[in-house]
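Undergrad: The chain contents come next:
Number of protein chains: 2
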Amino acid sequence: MLINDIEKYITVYRDGLLDDIIPFWIRHSIDNEHGGFSFCLDRDGTIIDTDKGVWMQGRFTWILATLYNEVEQRDEWLNMAIHGADFIKKHCFDTDGRMYFLVDQVGNPIRKRRYVFSEAFSCIAFAALYKATGEKEYEKLARELFNVYERHTSQEGLIPPKFTEHRKMKGMGHPMIGIVTAQEMRKNLNDESYTSYIDRWIEEIREDFLNYEYQAVMETVGPGGEFLDHFDGRTLTPGHAIEGAWFIFEEAHIRNEDPELIETGTTMLDWMWEIGWDKEYGGIYYFRDVKGLPVQEYWHDMKFWWPQNETIIATLWAYTLTGDEKYANWHEMIHHWVFKYFPDPEFGEWYGYLHRDGRISSKMKGNVWKGPFHVPRMYLKAWRILERIKLNIK
Amino acid sequence: MLINDIEKYITVYRDGLLDDIIPFWIRHSIDNEHGGFSFCLDRDGTIIDTDKGVWMQGRFTWILATLYNEVEQRDEWLNMAIHGADFIKKHCFDTDGRMYFLVDQVGNPIRKRRYVFSEAFSCIAFAALYKATGEKEYEKLARELFNVYERHTSQEGLIPPKFTEHRKMKGMGHPMIGIVTAQEMRKNLNDESYTSYIDRWIEEIREDFLNYEYQAVMETVGPGGEFLDHFDGRTLTPGHAIEGAWFIFEEAHIRNEDPELIETGTTMLDWMWEIGWDKEYGGIYYFRDVKGLPVQEYWHDMKFWWPQNETIIATLWAYTLTGDEKYANWHEMIHHWVFKYFPDPEFGEWYGYLHRDGRISSKMKGNVWKGPFHVPRMYLKAWRILERIKLNIK
Numbered sequence: 005m006l007i008n009d010i011e012k013y014i015t016v017y018r019d020g021l022l023d024d025i026i027p028f029w030i031r032h033s034i035d036n037e038h039g040g041f042s043f044c045l046d047r048d049g050t051i052i053d054t055d056k057g058v059w060m061q062g063r064f065t066w067i068l069a070t071l072y073n074e075v076e077q078r079d080e081w082l083n084m085a086i087h088g089a090d091f092i093k094k095h096c097f098d099t100d101g102r103m104y105f106l107v108d109q110v111g112n113p114i115r116k117r118r119y120v121f122s123e124a125f126s127c128i129a130f131a132a133l134y135k136a137t138g139e140k141e142y143e144k145l146a147r148e149l150f151n152v153y154e155r156h157t158s159q160e161g162l163i164p165p166k167f168t169e170h171r172k173m174k175g176m177g178h179p180m181i182g183i184v185t186a187q188e189m190r191k192n193l194n195d196e197s198y199t200s201y202i203d204r205w206i207e208e209i210r211e212d213f214l215n216y217e218y219q220a221v222m223e224t225v226g227p228g229g230e231f232l233d234h235f236d237g238r239t240l241t242p243g244h245a246i247e248g249a250w251f252i253f254e255e256a257h258i259r260n261e262d263p264e265l266i267e268t269g270t271t272m273l274d275w276m277w278e279i280g281w282d283k284e285y286g287g288i289y290y291f292r293d294v295k296g297l298p299v300q301e302y303w304h305d306m307k308f309w310w311p312q313n314e315t316i317i318a319t320l321w322a323y324t325l326t327g328d329e330k331y332a333n334w335h336e337m338i339h340h341w342v343f344k345y346f347p348d349p350e351f352g353e354w355y356g357y358l359h360r361d362g363r364i365s366s367k368m369k370g371n372v373w374k375g376p377f378h379v380p381r382m383y384l385k386a387w388r389i390l391e392r393i394k395l396n397i398k
Numbered sequence: 005m006l007i008n009d010i011e012k013y014i015t016v017y018r019d020g021l022l023d024d025i026i027p028f029w030i031r032h033s034i035d036n037e038h039g040g041f042s043f044c045l046d047r048d049g050t051i052i053d054t055d056k057g058v059w060m061q062g063r064f065t066w067i068l069a070t071l072y073n074e075v076e077q078r079d080e081w082l083n084m085a086i087h088g089a090d091f092i093k094k095h096c097f098d099t100d101g102r103m104y105f106l107v108d109q110v111g112n113p114i115r116k117r118r119y120v121f122s123e124a125f126s127c128i129a130f131a132a133l134y135k136a137t138g139e140k141e142y143e144k145l146a147r148e149l150f151n152v153y154e155r156h157t158s159q160e161g162l163i164p165p166k167f168t169e170h171r172k173m174k175g176m177g178h179p180m181i182g183i184v185t186a187q188e189m190r191k192n193l194n195d196e197s198y199t200s201y202i203d204r205w206i207e208e209i210r211e212d213f214l215n216y217e218y219q220a221v222m223e224t225v226g227p228g229g230e231f232l233d234h235f236d237g238r239t240l241t242p243g244h245a246i247e248g249a250w251f252i253f254e255e256a257h258i259r260n261e262d263p264e265l266i267e268t269g270t271t272m273l274d275w276m277w278e279i280g281w282d283k284e285y286g287g288i289y290y291f292r293d294v295k296g297l298p299v300q301e302y303w304h305d306m307k308f309w310w311p312q313n314e315t316i317i318a319t320l321w322a323y324t325l326t327g328d329e330k331y332a333n334w335h336e337m338i339h340h341w342v343f344k345y346f347p348d349p350e351f352g353e354w355y356g357y358l359h360r361d362g363r364i365s366s367k368m369k370g371n372v373w374k375g376p377f378h379v380p381r382m383y384l385k386a387w388r389i390l391e392r393i394k395l396n397i398k
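First to last, the sequence lines map onto chains A and B.
Take any residue in the first sequence, note its place counting from 1, add 4, and you have its number in my numbering.
Take any residue in the second sequence, note its place counting from 1, add 4, and you have its number in my numbering.
Extracted from the complex, chain A is given alone in its bound form (with noise of 0.2 Å):
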């Protein structure tokens, strides 16, 4: 049924990025005043907060970066990535080469954190627009920031923990957020030394974070991947897995279908369907417990936009991947629930935060956390895996 309704999903997919998504953000979040972007939206995209995310600075970069270099060359594009990259030069890192987390609107900073995210996206983003523009600045800042993530996230104690060293825990995002910046540096930088990182990265989540007991992915577990019998240790976050397992699979296609990554991806993804999706009310669950227990996170129930956004992609690249008609059918569900609730047909663009049974909770459409990157992110990689499953077709 994916294959008679190709055209039909490939013209929702491009065009909501090309005629909704990308032109929604454009129009409200650039600040030509101060720099950057500012994300905090309502409904119809007032500001509602003038205090600038660093994540998304970096993200709306490299998603204006990557429209250029893999879309359309289009100057509107190019000239947007610069102004982001400018505004995150000029205003978000510290003195230590550490990012903030948060910056006023004129680039003072508000927050820093312990971690490094921000780093990981403004990392991709310099890796996108040295693609684009052949700038050496851009390729020194992206090395430099992958250094950063690297290092923070391998040697111990460089990040302070939370918890003492009787509860000595890591977390899925590191891996995982490191496979995809180095697959994006990689491919930008034109750089085959960085596989050795996502060859590190994908062995330490089959090693740690599969458990095959439980038949899950985890989200959080000791150094050597043991199980913590607590609340922060039983907590799954199926959207989280779910990203894991597509970027997994892209490295499969990179790597001429190999069978043993499509075989890790698939079992992430048939394992975290098995457990996020509501079989109640449809869409992936932001939390669940692997032993059903209850969560002790407030919202564990919600449906945020982003769980959903992966997991669209990973069931697009798992049919690919394997022709097993499961995933088209698991697609098919997902796209018909999301398209059913999260887009606004009047504003433009998505909510973020639904109830679980997909009510609206929050009408604001950006934040520090929500702004232009699952959504287009989703739609760009929909998008251009249906035009290769078209294009096997033929």
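Everything labelled a hint here was simulated from the structure, so no lab data went into it.
Note that the structure is a prediction, hence the values are computed from the model and not measured.
Any given hint could be a false lead.
[As the list claims (entries may be wrong)] In silico lysine-lysine, DSSO-like type, Cα no more than 27 Å apart, as pairs:
no., chain 1, residue 1, chain 2, residue 2
1, B, 166, A, 295
2, B, 295, B, 166
3, A, 174, B, 116
Chain A is already provided as a structure; the job is to place chain B on it using the hints.
TA: For chain B alone, coordinates are given in the frame of chain A:
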């Protein structure tokens, strides 16, 4: 109508406290093997996490000692309070005089946080145990912890700020918890010197947190009470503000129904009932934006147990002190809503986490945040306030 139903209400609160709430926790949470209490409980009281939150070790110890001091001198209550205090003394202090936030089953420290609420809740536990036993060690510990709390909440920089110097902020929690902590010290140590702290903290709330322009009790302001027009500065926590209102009502009562204190308390309650009461579904919201804009915190429209507990106490105090039937009506509204949705008739105690419309989000009875504190304190306070009203009728 409250007057007509007063015996019915007294029965609900008194018998609920003594026959349901306290027995539930005694039945399930005493750790006779390792000491202290295990509060992370599933619906039926099964332990789902053996970790021990330090806030709640102090809070249950306080509840037990307070029942002994103010309800009935049952040895069982006193012995269990001492059991709690022993664990706190032995396992919950760091070497710097500060306390941990979370320890494991046997008492190893798992997490320490920036702020000093473990200290405030252990302070009131030791103060109540001093009253119960006359043991000087408890008095000494209570005084030391009060000093830690007072010093850390008044000297800038002792609690490391989350944000930079470009966004200095302070929260309602500090003066609010300060007031009730000093009230407990004054009562149980019979030491009037604590009144000066209460005066200072009430003045800080009046000056810096009561916003007459928006008719709201702010949760977070600048160091001099400045309105911060960002997500954090606009986010209100009605349950917190209403809890602060009843601490001030108690102070008004202690000071011979002081009219200015009553006025401050009713102002806070009136504003935050208007903002916090859900006119569509009933119950008190978790967060609201002071301008009616979207709130960034995900669980903003959920109905947690504790804001309802605090509102029941506050409406009863307001009715007692003013005789205004409006408050008796509000009490009836929230009492009716709360007793329809929160109590678990099968296994006892309350659910803690409901969706906006009263549907259950999580069936767990306890975790690091929920335990025997707000619920039994409400039953005890409500019962005692109603007894006072009954005496005045006669």
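Undergrad: If a hint holds in the structure, say so; if it does not, say that too.
TA: We went through each hint and held it up to the structure:
1. B/166 - A/295: The given pair, whose Cα atoms are some 34 Å apart, is violated under the 27 Å limit.
2. B/295 - B/166: Holds, at roughly 24 Å.
3. A/174 - B/116: Within the cut-off at roughly 18 Å; holds.
Hint check: a violation occurs at hint 1 only; the rest are consistent with the structure.
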